[in-house]
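Peer 1: Listed here are the chains, written in short residue letters.
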Amino acid sequence: MKGNRRHLPTVAWLALMAPVALALWAAGSGLESLLVPYYFRIILLSGIAVIAAVSLNIVNGFTGQFSIGHAGFMLVGAYASAGITMFARPFTESVLRSAHVPDVMLMPLQFAAAIAVAALAASIVGLLVGLPSLRLRGDYLAIATLGFGEGIRAIFVTVDAVGGASGLHNIPPLTSFVWVFLGVVGVIITARNLAASTHGRALFAIREDELAAQAVGIDTFRYKVLAFLISAAWAGVAGALLAHLDLGIDPRSYSFMKSVEIVVMVVLGGLGSVTGSVIAAVGLTWLPEILRPVAEYRMVFYSALLVLLMLLRPRGLFGRKELGLADLLGKKKTVPNANRKEGG
Amino acid sequence: MLDIQDVEVYYGAIQALYAINVSVQEGEIVTLIGANGAGKSTTLRTISGLVRPRRGRVRFMDKDISGLPPHEVVRLGISQSPEGRRVFSNLSVFENLEMGAYVRSDPEGMASDLEQVFGLFPRLRERAKQGAGTLSGGEQQMLAIGRALMSRPKLLLLDEPSLGLAPFLVREIFGIITDIRSKGTTVLLVEQNARQALSIADRGYVLETGQVLISDTAEELLASEMIQKAYLGE
Amino acid sequence: MLGSIYALIALGYTMVYGVLRLINFAHGDVYMVGAFIGLYAWRYLGLPSEEGQAQVVSTAGLLLMMLIAMVGAAALGVLIERVAYRPLRRAPRLTALITAIGVSMLLEYGGQLVFGTTKQDYPWLAGTVPSSIGSAAGGSSGISIDRVDVIILVIAVLLVVVLQIIVHGTRPGKAMRAVAFDREAASLMGINTDTIIALTFIVGSAFAGAAGVLVGVRNHYVEPLMGLTAGIKAFVAAVVGGIGSIPGAALGGLIMGLSEEAVRAFYPELADAVVFGVLILILVLRPCGLIGSQTAEKV
Numbered sequence: 001m002k003g004n005r006r007h008l009p010t011v012a013w014l015a016l017m018a019p020v021a022l023a024l025w026a027a028g029s030g031l032e033s034l035l036v037p038y039y040f041r042i043i044l045l046s047g048i049a050v051i052a053a054v055s056l057n058i059v060n061g062f063t064g065q066f067s068i069g070h071a072g073f074m075l076v077g078a079y080a081s082a083g084i085t086m087f088a089r090p091f092t093e094s095v096l097r098s099a100h101v102p103d104v105m106l107m108p109l110q111f112a113a114a115i116a117v118a119a120l121a122a123s124i125v126g127l128l129v130g131l132p133s134l135r136l137r138g139d140y141l142a143i144a145t146l147g148f149g150e151g152i153r154a155i156f157v158t159v160d161a162v163g164g165a166s167g168l169h170n171i172p173p174l175t176s177f178v179w180v181f182l183g184v185v186g187v188i189i190t191a192r193n194l195a196a197s198t199h200g201r202a203l204f205a206i207r208e209d210e211l212a213a214q215a216v217g218i219d220t221f222r223y224k225v226l227a228f229l230i231s232a233a234w235a236g237v238a239g240a241l242l243a244h245l246d247l248g249i250d251p252r253s254y255s256f257m258k259s260v261e262i263v264v265m266v267v268l269g270g271l272g273s274v275t276g277s278v279i280a281a282v283g284l285t286w287l288p289e290i291l292r293p294v295a296e297y298r299m300v301f302y303s304a305l306l307v308l309l310m311l312l313r314p315r316g317l318f319g320r321k322e323l324g325l326a327d328l329l330g331k332k333k334t335v336p337n338a339n340r341k342e343g344g
Numbered sequence: 001m002l003d004i005q006d007v008e009v010y011y012g013a014i015q016a017l018y019a020i021n022v023s024v025q026e027g028e029i030v031t032l033i034g035a036n037g038a039g040k041s042t043t044l045r046t047i048s049g050l051v052r053p054r055r056g057r058v059r060f061m062d063k064d065i066s067g068l069p070p071h072e073v074v075r076l077g078i079s080q081s082p083e084g085r086r087v088f089s090n091l092s093v094f095e096n097l098e099m100g101a102y103v104r105s106d107p108e109g110m111a112s113d114l115e116q117v118f119g120l121f122p123r124l125r126e127r128a129k130q131g132a133g134t135l136s137g138g139e140q141q142m143l144a145i146g147r148a149l150m151s152r153p154k155l156l157l158l159d160e161p162s163l164g165l166a167p168f169l170v171r172e173i174f175g176i177i178t179d180i181r182s183k184g185t186t187v188l189l190v191e192q193n194a195r196q197a198l199s200i201a202d203r204g205y206v207l208e209t210g211q212v213l214i215s216d217t218a219e220e221l222l223a224s225e226m227i228q229k230a231y232l233g234e
Numbered sequence: 001m002l003g004s005i006y007a008l009i010a011l012g013y014t015m016v017y018g019v020l021r022l023i024n025f026a027h028g029d030v031y032m033v034g035a036f037i038g039l040y041a042w043r044y045l046g047l048p049s050e051e052g053q054a055q056v057v058s059t060a061g062l063l064l065m066m067l068i069a070m071v072g073a074a075a076l077g078v079l080i081e082r083v084a085y086r087p088l089r090r091a092p093r094l095t096a097l098i099t100a101i102g103v104s105m106l107l108e109y110g111g112q113l114v115f116g117t118t119k120q121d122y123p124w125l126a127g128t129v130p131s132s133i134g135s136a137a138g139g140s141s142g143i144s145i146d147r148v149d150v151i152i153l154v155i156a157v158l159l160v161v162v163l164q165i166i167v168h169g170t171r172p173g174k175a176m177r178a179v180a181f182d183r184e185a186a187s188l189m190g191i192n193t194d195t196i197i198a199l200t201f202i203v204g205s206a207f208a209g210a211a212g213v214l215v216g217v218r219n220h221y222v223e224p225l226m227g228l229t230a231g232i233k234a235f236v237a238a239v240v241g242g243i244g245s246i247p248g249a250a251l252g253g254l255i256m257g258l259s260e261e262a263v264r265a266f267y268p269e270l271a272d273a274v275v276f277g278v279l280i281l282i283l284v285l286r287p288c289g290l291i292g293s294q295t296a297e298k299v
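Quick mapping for you: the protein sequence lines, in order, are chains A, B and C.
Taking this note's numbering, the leading residue of the first sequence gets 1, the next gets one more, and so forth.
Taking this note's numbering, the leading residue of the second sequence gets 1, the next gets one more, and so forth.
Taking this note's numbering, the leading residue of the third sequence gets 1, the next gets one more, and so forth.
No lab work stands behind these hints, which were simulated from the structure alone.
Please note that a few of the clues may not be correct.
What the hints assert, rightly or not - SDA-like, lysine to any residue: derived pairs with alpha carbons at most 20 Å apart:
id	chain 1	residue 1	chain 2	residue 2
1	B	LYS183	B	LYS129
2	B	LYS154	B	ARG195
3	A	LYS258	C	ARG89
4	B	LYS129	C	THR95
5	B	LYS154	B	SER89
6	B	LYS129	C	ARG90
7	A	LYS321	A	ALA304
8	B	LYS129	B	SER89
9	A	LYS321	C	THR95
10	A	LYS321	A	ASN193
11	A	LYS258	A	ASP246
12	B	LYS183	B	GLY12
13	A	LYS258	C	ALA273
14	A	LYS321	B	ALA13
15	B	LYS129	B	GLU98
16	A	LYS321	B	GLY12
17	B	LYS229	B	ARG195
18	A	LYS258	A	ASN193
19	B	LYS129	C	ILE166
20	A	LYS258	C	THR229
21	A	LYS258	C	LEU228
22	A	LYS258	C	GLN164
Work out the full structure, taking the sequences as your base and the hints as a guide.
Peer 2: Next comes the structure, spelled out in structure tokens:
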């Protein structure tokens with residue numbers, strides 16, 4: 001497996017994080033004051049899209065399982081995090097105060113807790129959904145996840161305590177550049193480390209040939225559930241960030257079409273390519289904004305462009321390749337070929 | 001009748017056939033023998049148009065047919081009974097035979113060919129209304145051959161007709177292949193069961209890793225010491 | 001009967017899935033376009049209307065609307081297949097799926113451009129006009145709604161019977177089944193598989209077009225996004241029945257429609273949740289659907 005040496009171990013990353021986060025916070029607030037709020041918002045939306053796309057790639061790209069219910073997990077994360085920052089706020093604040101936490105740290109700590117709870121809640125739901133549905137294969141799994149995504153939305157819409165069909169409002173504005181950046185870095189590290197680990201190789205084996213993977217002793221079901229959990233957890237994070245950027249949750253915007261958008265990012269970028277997902281997520285978030293001058297035609301352009309791209313690049317922009325610094329500097333590297341011998 | 005000239009075939013980056021030359025004369029039974037992956041099925045698939053040769057030509061009755069889509073190859077008079085039978089399990093036996101005659105529009109001729117097929121394989125007549133999926137392996141093989149005959153081909157391509165069949169059925173099938181030839185259909189037979197194939201064939205080609213190793217009359221091949229060692233298990 | 005509408009749309013999903021193993025996401029939007037074609041045909045061609053009632057279409061007029069919508073939808077379906085799906089025949093299946101989603105979005109946004117974003121009134125079917133709107137007095141609205149449902153059901157049943165006859169009794173129909181089972185083997189029979197696939201799109205799309213007109217006269221409005229939810233539900237119906245199976249799609253459509261209407265009567269907000277709950281339940285208990293066969297999923 002290529003690239004192990006190119007990545008820092010996770011611990012080193014964490015040690016680097018603190019000063020980097022500070023610098024980022026400064027950079028982020030600098031950026032925020034520099035840019036028109038409109039553009040700043042799109043930057044944050046791009047980051048959230050990256051988190052969603054890269055995490056979905058773990059299931060769809062790495063493991064070869066086809067899930068189209070990612071927005072459902074985002075919705076779970078959104079509600080769970082809002083639960084912490086809105087409803088549980090008096091409680092968490094009193095706990096933090098009694099621990100003599102300085103006032104400036106109150107909100108960030110609560111938001112961190114909210115994001116963690118969002119990830120946890122989404123992964124629990126992921127487990128509940130994954131256990132029955134991951135026994136299904138191919139299109140049937142896709143349909144089960146579709147059904148789940150729509151079903152969970154339908155359930156939230158009926159619960160009046162969380163606002164029913166009109167959704168939640170007045171969520172505190174906690175999503176900032178730093179949080180989104182940390183999320184993006186976190187999900188990419190998760191995906192890259194997973195890809196380089198034994199677990200990752202088990203996932204690839206399932207993607208290439210599930211029966212063969214089973215035959216060599218891989219507990220394919222367990223690994224599929226694992227991939228599903230990790231993926232759902234990060235979707236929850238994306239949902240939490242989105243809710244605290246939108247300052248509300250409109251269940252309608254977490255519909256099947258949202259899930260589809262994320263799938264499109266993953267496939268367009270190239271199934272299994274993390275860099276591909278990142279670039280496609282950012283590109284597809286900006287595209288409608290770039291097309292804004294053509295006003296009412298923009299979504300028509302958007303969809304036509306999507307069809308055209310798929311026709312011209314049937315394997316996605318990047319296939320399964322990763323784009324690294326070496327490529328940018330023009331060095332050629334060979335990617336191990338997964339061609340299987342075909343009988344004659 | 002059929003001339004394969006310097007045909008090269010690739011699957012993606014992998015080359016499957018290296019400049020293959022095979023010819024079949026009208027009225028012959030010609031067999032391609034060789035190990036798994038030698039390129040036998042690929043040769044048949046190339047003739048039928050399922051794969052396109054990257055180089056070389058396939059000529060049939062003095063017409064270049066390389067690159068024609070499969071359904072047009074059938075119209076010219078070449079039909080194939082593919083490896084693994086591949087009968088339409090969701091259709092009845094009768095409907096499978098109807099599909100075999102898909103390119104034809106002469107009801108009388110089709111009816112008489114149906115009688116011929118039922119004559120060769122009486123078991124199919126008994127099961128005509130049954131789903132093809134309910135047939136035994138041997139019956140499915142008969143259906144696959146019968147189905148290929150229904151287009152009244154000039155050249156019949158048979159891919160591993162003995163695969164997975166009990167010995168007595170293998171003998172029956174090979175007997176029927178001889179019958180088919182005696183009724184005027186030329187046969188190109190791909191087999192792993194080299195002895196049986198050579199015993200009914202006029203000529204044979206031995207393929208190895210995508211190349212023609214030897215070609216000769218069936219008697220010579222059966223008698224050749226080298227062939228006996230490598231392919232006849234002696 | 002919502003169920004018969006779902007059933008008609010589900011047939012197209014199931015047939016296309018049968019021959020291409022492709023979830024044709026654009027199918028729900030073909031149904032929408034069919035509904036609009038019917039509407040414009042009625043508006044501009046002066047189709048037979050009930051005397052003195054500009055907003056009411058006679059039964060003969062309805063059948064003509066359906067016919068025109070079916071032809072238009074079939075043309076659209078075959079165009080989509082030709083331009084967007086045929087070039088991807090050998091591409092990974094997910095690519096074709098994303099393309100289908102792209103085509104679906106294109107039709108939805110394009111539809112909003114062409115038809116406008118608001119709901120448009122659809123004519124009433126003669127004899128189904130509630131007294132408050134039509135000029136004829138008397139008759140409770142409950143009975144008149146039943147009448148339109150009965151007509152829809154009858155038409156749907158007739159269409160399904162016609163389809164069964166096509167698929168089991170004609171050569172192209174049998175070829176369709178052969179292609180669905182094994183495309184390569186079918187091509188070795190001399191079947192032009194591209195033609196048969198195009199034919200499948202023609203038939204499936206025509207049925208969607210018919211469903212579009214029927215839902216129009218039932219709900220009395222159409223809008224460019226109507227294909228979205230109806231499409232998803234019809235697709236779910238196809239899966240519930242066993243995707244690839246024609247009777248399965250019809251049955252699945254009826255079950256979906258009935259369960260949705262039943263739940264909606266008591267807990268309107270829960271209708272969708274229940275529908276998708278039923279889906280997951282059936283998938284887990286019977287992974288191949290109610291009438292599904294064990295199609296070999298490539299593993």
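Peer 1: Work down the list of hints and note, for each, if the structure agrees.
Peer 2: Results for each hint:
{"no.": "1", "hint": "B:LYS183 - B:LYS129", "in the structure": "violated (27 Å)"}
{"no.": "2", "hint": "B:LYS154 - B:ARG195", "in the structure": "violated (25 Å)"}
{"no.": "3", "hint": "A:LYS258 - C:ARG89", "in the structure": "violated (27 Å)"}
{"no.": "4", "hint": "B:LYS129 - C:THR95", "in the structure": "violated (40 Å)"}
{"no.": "5", "hint": "B:LYS154 - B:SER89", "in the structure": "violated (27 Å)"}
{"no.": "6", "hint": "B:LYS129 - C:ARG90", "in the structure": "violated (35 Å)"}
{"no.": "7", "hint": "A:LYS321 - A:ALA304", "in the structure": "violated (25 Å)"}
{"no.": "8", "hint": "B:LYS129 - B:SER89", "in the structure": "holds (12 Å)"}
{"no.": "9", "hint": "A:LYS321 - C:THR95", "in the structure": "holds (17 Å)"}
{"no.": "10", "hint": "A:LYS321 - A:ASN193", "in the structure": "holds (16 Å)"}
{"no.": "11", "hint": "A:LYS258 - A:ASP246", "in the structure": "holds (15 Å)"}
{"no.": "12", "hint": "B:LYS183 - B:GLY12", "in the structure": "violated (40 Å)"}
{"no.": "13", "hint": "A:LYS258 - C:ALA273", "in the structure": "holds (18 Å)"}
{"no.": "14", "hint": "A:LYS321 - B:ALA13", "in the structure": "holds (18 Å)"}
{"no.": "15", "hint": "B:LYS129 - B:GLU98", "in the structure": "holds (12 Å)"}
{"no.": "16", "hint": "A:LYS321 - B:GLY12", "in the structure": "holds (18 Å)"}
{"no.": "17", "hint": "B:LYS229 - B:ARG195", "in the structure": "holds (12 Å)"}
{"no.": "18", "hint": "A:LYS258 - A:ASN193", "in the structure": "violated (27 Å)"}
{"no.": "19", "hint": "B:LYS129 - C:ILE166", "in the structure": "holds (19 Å)"}
{"no.": "20", "hint": "A:LYS258 - C:THR229", "in the structure": "holds (14 Å)"}
{"no.": "21", "hint": "A:LYS258 - C:LEU228", "in the structure": "holds (13 Å)"}
{"no.": "22", "hint": "A:LYS258 - C:GLN164", "in the structure": "violated (37 Å)"}
Going down the numbered hints, you'll see the structure goes against 1, 2, 3, 4, 5, 6, 7, 12, 18 and 22, while the others check out.
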